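**Q** Sequence lines, in order, name chains A and B.
Every letter in the first sequence is one number past the one before it in our numbering, and letter 91, counting from 1, is 91.
Position in the second sequence counted from 1, then plus 122, gives you our numbering.
FYI, nobody ran anything at the bench for these hints, they're computed from the structure.
Keep in mind that the hints are not guaranteed to be accurate.
[As the list claims (entries may be wrong)] Here are some chain B residues pointing at chain A (derived, C-beta under 8 Å):
id: 1; residue: 159
id: 2; residue: 176
id: 3; residue: 185
id: 4; residue: 189
id: 5; residue: 203
id: 6; residue: 205
id: 7; residue: 210
id: 8; residue: 218
id: 9; residue: 219
id: 10; residue: 222
id: 11; residue: 225
[Stated by the list, open to error] A few chain B residues that don't get close to chain A, going by computed Cβ distances all over 10 Å:
id: 12; residue: 129
id: 13; residue: 166
id: 14; residue: 207
These figures come from a predicted structure and were not determined experimentally.
Think of the CB as a built atom: it goes at the ideal place given N, C-alpha and C, for glycine as much as any other residue.
Given next are the chains, with one letter for each unit.
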Amino acid sequence: QVTLKESGPGMLQPSKTLSLTCSFSGFSLSTSGMVVSWIRQPSGKSLEWLAAIDWDGDKYYNPSLKSRLTVSKDTSNTQVFLKITSVDTADTATYYCARADTMGISGDFDYWGQGVMVTVSS
Amino acid sequence: DVVMTQTPVSLSVSLGNQASISCRSSQSLLHSDGNTYLSWYLQKPGQSPQLLIYLASNRFSGVSNRFSGSGSGTDFTLKISRVEPEDLGVYYCFQHTHLPLTFGSGTKLEIK
């Protein structure tokens, strides 16, 4: 059974660095084709893909935020991390991690975490 | 970036009737490998998005056959036949042919 769960600070101040963790089970990020992405959604708005890391350790970023993003994974291949530097109120959103299996049917996000709300406020 | 334009923004449908949502991309979503990486997701109230349709017209595992996707190139459609109460939520189209991956702005389905 595949599950993902995001964790984060809940609230942080502008200009700080946001650190998020995606903990997952039911698959290994070392398996060929596996990719974990980060996606965010401000309240009442659409979804924005932020970054991804694949089984080979290759990383992909949304150019609109690339200079502020760092995605990484742990050596056990059961956690993925996202850091966003210099946050401001526009980074207030629910942050999701989601799995894609590029060796599967299409590489779509077939499993999502429940999301973690992050508020940037002074 | 590929811009995904969804219409309508919202849709109010009576139970048992059909709903149709359009999605247009600013570039062709036909990949060099021959696949069209256009998907549809439904986000029910208070939940994470869930995959409905992949590769433009294939239903994901467990998805009702009341949902159907069609289209190619830059124009795509999601149809929901015989709308049921559990269909309410926001529908998003999504492309992963081109980086960065992009979502549509969403279509909110309400039940009359």
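**Q** Checked against the structure, which of the hints given earlier come out wrong?
**A** Numbers 3, 4, 5, 6, 7, 9 - these are the hints that the structure violates, sorted from lowest upward.
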